[in-house]
Amino acid sequence: MQSNHGLAPFLMRIIPFIGVTFLSILIYFVWPSSDHFGPVYLNWINIGLLFSLAIWLFVFGIRRLQSAKEVGVNLRTKLVTVMVLMVLLPSLVLQVTANQIINKGFDVWFDVRVDTLLDKAMNLAQGFYQDIELDMELSLKQVIDTHDFPALEPTPLGSLVLNQYMEKQLHKYGWDKLELFDASERLIATAQKTTQNQGLEDLTTQPISDAGRLSIALGRYTIDHDIRDDSEYVIGYLPLFAQRRLVGLFRAEVELPKEITASARSIEADYRTYKELDRHRQGIQDTFMNTLMIVMILIVCIAGVFAVVFARRLTSPMEDLANALEQVKTGDFDALVDVQGDDELSSLALSFNDMIKRLKYNMQTLTETQSELTNALVNSRQRQYVLENLLANLHSGVILLDASGEIRLVNDTCKALLMFPERSQEKVSIYDFSEAHLKPILAFFETLQTQDLDSLQSELVLTYGLQTVKILARGTLLGGEDDVFSGWLLVFDDITQLADAQKHRAWAEVAQRLAHEIKNPLTPIKLSTERVKRRFRDQVDNVKVFDTCTDAVINQVERLQRLLADFSDLATLPKPNMEVTTIASLLRELRELYSPYTNLTFEGMPDGEVFCDADQIRQVLINLIDNALATKGHVRVYVEVTDKDTRFYVQDDGQGIDESAKEHIFEPYFSTKAEGSGLGLAIAQRISEEHHGQLLLLSAAAPTRFCMWLPHVQASDVKEGEA
Amino acid sequence: MLKVFLFFLTFSFFSFAYAEGDMAAEETHVHIEDGVIYCDVQTFNQEAYVLKVIGSGSPMTVFWQFEILQVRDFWLDKAVVSIRLGRQVIPDLVTQRWLMRDLSVGVVKYTNDAEEAMHFLTRMEQAAVADVSILDKDADFLLETKLFTHEGEDEEQGWWASVTDWGEDMGSVSLQLSQANNDAE
Numbered sequence: 001m002q003s004n005h006g007l008a009p010f011l012m013r014i015i016p017f018i019g020v021t022f023l024s025i026l027i028y029f030v031w032p033s034s035d036h037f038g039p040v041y042l043n044w045i046n047i048g049l050l051f052s053l054a055i056w057l058f059v060f061g062i063r064r065l066q067s068a069k070e071v072g073v074n075l076r077t078k079l080v081t082v083m084v085l086m087v088l089l090p091s092l093v094l095q096v097t098a099n100q101i102i103n104k105g106f107d108v109w110f111d112v113r114v115d116t117l118l119d120k121a122m123n124l125a126q127g128f129y130q131d132i133e134l135d136m137e138l139s140l141k142q143v144i145d146t147h148d149f150p151a152l153e154p155t156p157l158g159s160l161v162l163n164q165y166m167e168k169q170l171h172k173y174g175w176d177k178l179e180l181f182d183a184s185e186r187l188i189a190t191a192q193k194t195t196q197n198q199g200l201e202d203l204t205t206q207p208i209s210d211a212g213r214l215s216i217a218l219g220r221y222t223i224d225h226d227i228r229d230d231s232e233y234v235i236g237y238l239p240l241f242a243q244r245r246l247v248g249l250f251r252a253e254v255e256l257p258k259e260i261t262a263s264a265r266s267i268e269a270d271y272r273t274y275k276e277l278d279r280h281r282q283g284i285q286d287t288f289m290n291t292l293m294i295v296m297i298l299i300v301c302i303a304g305v306f307a308v309v310f311a312r313r314l315t316s317p318m319e320d321l322a323n324a325l326e327q328v329k330t331g332d333f334d335a336l337v338d339v340q341g342d343d344e345l346s347s348l349a350l351s352f353n354d355m356i357k358r359l360k361y362n363m364q365t366l367t368e369t370q371s372e373l374t375n376a377l378v379n380s381r382q383r384q385y386v387l388e389n390l391l392a393n394l395h396s397g398v399i400l401l402d403a404s405g406e407i408r409l410v411n412d413t414c415k416a417l418l419m420f421p422e423r424s425q426e427k428v429s430i431y432d433f434s435e436a437h438l439k440p441i442l443a444f445f446e447t448l449q450t451q452d453l454d455s456l457q458s459e460l461v462l463t464y465g466l467q468t469v470k471i472l473a474r475g476t477l478l479g480g481e482d483d484v485f486s487g488w489l490l491v492f493d494d495i496t497q498l499a500d501a502q503k504h505r506a507w508a509e510v511a512q513r514l515a516h517e518i519k520n521p522l523t524p525i526k527l528s529t530e531r532v533k534r535r536f537r538d539q540v541d542n543v544k545v546f547d548t549c550t551d552a553v554i555n556q557v558e559r560l561q562r563l564l565a566d567f568s569d570l571a572t573l574p575k576p577n578m579e580v581t582t583i584a585s586l587l588r589e590l591r592e593l594y595s596p597y598t599n600l601t602f603e604g605m606p607d608g609e610v611f612c613d614a615d616q617i618r619q620v621l622i623n624l625i626d627n628a629l630a631t632k633g634h635v636r637v638y639v640e641v642t643d644k645d646t647r648f649y650v651q652d653d654g655q656g657i658d659e660s661a662k663e664h665i666f667e668p669y670f671s672t673k674a675e676g677s678g679l680g681l682a683i684a685q686r687i688s689e690e691h692h693g694q695l696l697l698l699s700a701a702a703p704t705r706f707c708m709w710l711p712h713v714q715a716s717d718v719k720e721g722e723a
Numbered sequence: 001m002l003k004v005f006l007f008f009l010t011f012s013f014f015s016f017a018y019a020e021g022d023m024a025a026e027e028t029h030v031h032i033e034d035g036v037i038y039c040d041v042q043t044f045n046q047e048a049y050v051l052k053v054i055g056s057g058s059p060m061t062v063f064w065q066f067e068i069l070q071v072r073d074f075w076l077d078k079a080v081v082s083i084r085l086g087r088q089v090i091p092d093l094v095t096q097r098w099l100m101r102d103l104s105v106g107v108v109k110y111t112n113d114a115e116e117a118m119h120f121l122t123r124m125e126q127a128a129v130a131d132v133s134i135l136d137k138d139a140d141f142l143l144e145t146k147l148f149t150h151e152g153e154d155e156e157q158g159w160w161a162s163v164t165d166w167g168e169d170m171g172s173v174s175l176q177l178s179q180a181n182n183d184a185e
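Here the protein sequences line up with chains X and R, keeping their order. Under my numbering, the first sequence has 573 at position 573, and the numbering climbs by one with no breaks. Under my numbering, the second sequence has 159 at position 159, and the numbering climbs by one with no breaks.
Only chain X is shown next, with the shape it has when bound in the complex (with noise of 0.2 Å):
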């Protein structure tokens, strides 16, 4: 199988769809924001432009996908894309929605009311601080308006006035704790309230912050805040001076209730986490939404794999199958597909593989049935060739007709032999043969149809022109009702020479047994007959009928022995002695031979030659001219040369021969003269028949003429045909 699942190839299919995606991205990140800084146009066109992008990389990506050749592509990518989109949307509704459902959370998450509520609370806070801090500036003031404290250069370090002092303003004023420091920043004096579990370790003093050097240096009291020990405490600054010097510093501190302060720093944490909240509100927003989009887009992906998958393993088979079928459709049937699973597909290629099996197999067979019909269809053009061959060599004339009279095969040399007309339409069937020269052979064969005969078997004279040809039909029904093919076959033999030579021979023989039976009595009959007339002569009493008598006697048998020469002549016709002739020579020949005659013209004298015995056909000539001169009327002799022909006619006016003679005319023994022996036209006929000619009566009636034709017949034709 041919496959097309490279690497190279998926990546370059991709490739479009991957800068879709980095499209996508960029718009997002190109997206104007709520905080966004500077002109927003400019974001838009951008997104406008790398939208159309997009779109335009995606439609580019889906065309290069349906125009790949490769089977199966168009359904996997509407199966990828309709899966996808079923993925695709919902997600996109569940995103919006999710945004819709984000925004009005953290509109609710940020309301107003609850900003409000934690600026009171932490004003609140602040408010407790504030008041403890301006208590302990009133009490500062307070410390500096009463100016009751005693003087501290002549009081002793730790002596007991300024010990009452200072415990004294411990308890007026509610501190935590009272120090005394003087000018060189040294503790003289302190005052504690009493705790219990108070020890000695609770009376470190912590050092002076700025706060209080800054008191020393603006001189006046400052408030200050300090945080150790898990508590929280306000201390107060009061520089004090004597004679504009200064000689020490009160450092007064109170101690913040824990549980104040506590709530305090709670409120003032969670008032910085709402606010560092609020601040990054957007920024959340964004990430949840963000969120939920890579979610969306890892599921979109996810789905657009495995629609990949799940497509490719659907099509796959299908594919498999559209290959197979390609290689069917070249003629490879070993194209099988892989049969997996037991699914629809699998019975589909299963089928398939059955198909291609019986397919293969009918194509063996009829690849086998083929190859006879092959050789058949050789053989049988070879047999209608030898057929085809040996009807145009043979020199029988073939028609073979169906039942219905159809022309199913004819060759040339029937259509030779039948005279058909050169110029006339094809003949289709038997019916077609309407000209004159062709009704017998149509009779003929309604002969054979109408009596239902097997065979049948006739001579028949067809005369075309001045041809006459006398043909042997022979008929055969070929098949029956239960064969292939039922019709008729007629054969035709040439049969006008072999009937004129069996005609002359049956005549030669009478001739001849008639010139021996007569001829030898005949002589001694004659040399008797002279014998008697000498001797006895002059014994009979009447002479003139003694002579008489025998003169008739020897007249007569003389007759018969001229007639018996003729019958000879007739029987023993000797062959022609063809040589090339000219017809003028011919024609001057016979008009000095017949110069006496005034009566006789010969009209024309053309050029041509004729191939023939000279003598013969001068003597056939002598025999027409002689014939019309006993008719005592004017006779014409002229030639006419034709294409194929040479024709001497010989016409006289005299009174014409009858109908009833002209039948007989070249029948041997038929004389319409007294003395004639009827021999003299048979004679002229066969020579002309010997020269390939023919002699013929064209006109009977007056003025009669005959014709005779000679062919054009060379010297090596004549050969040849005698060869």
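Keep in mind that a hint or two might mislead.
Residues from chain X that face chain R, not an exhaustive set, calculated with beta carbons under 8 Å [claimed, not checked]:
(1) Y129
(2) H225
(3) A264
(4) Y271
(5) K275
(6) E276
Hint data in this document are derived by calculation from the structure and do not stem from the laboratory. Glycine is no exception: its CB is placed at the ideal position from the N, C-alpha and C atoms.
Start from chain X and add chain R according to the hints.
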């Protein structure tokens, strides 16, 4: 058609970047005193943001990065000096005090004025960048300043922040070392 399309796309992007560049509002001044390069720099873009952050109680840390680049014709400019100065403000909303801490020298100071704390972060005055003697007097130099800000007290933001946070470019100033040398002589 595609070429025209790509031209507009490129033009739009470059216009966008150019407009963004114009909107950067910063002011950097350099002066050399006694052979020491000092830099005064202030960002105006960050003031509102910084005031909002520290006003809402969130600590904030900034780092000013000063780099002196040797200008080269056919290669990228070479950094010869690079220092980072950090500052931090930790608010105390309850007492409404802001602790200002200079991370470079460790000085700590409280203030009750949020704007003072804000200016502590967004202004850097008299920042000693380098001694002129370490610079080649025949070369041209640029002083580039960047501001890295992040919320919180942590001084290091981790490798991811170092990759993604390229800082805010505060501009670059050409150093006139020849004049400084003359003054020094």
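Item to complete: Of all the hints given earlier, name the ones this structure violates by number, lowest first.
Response: none
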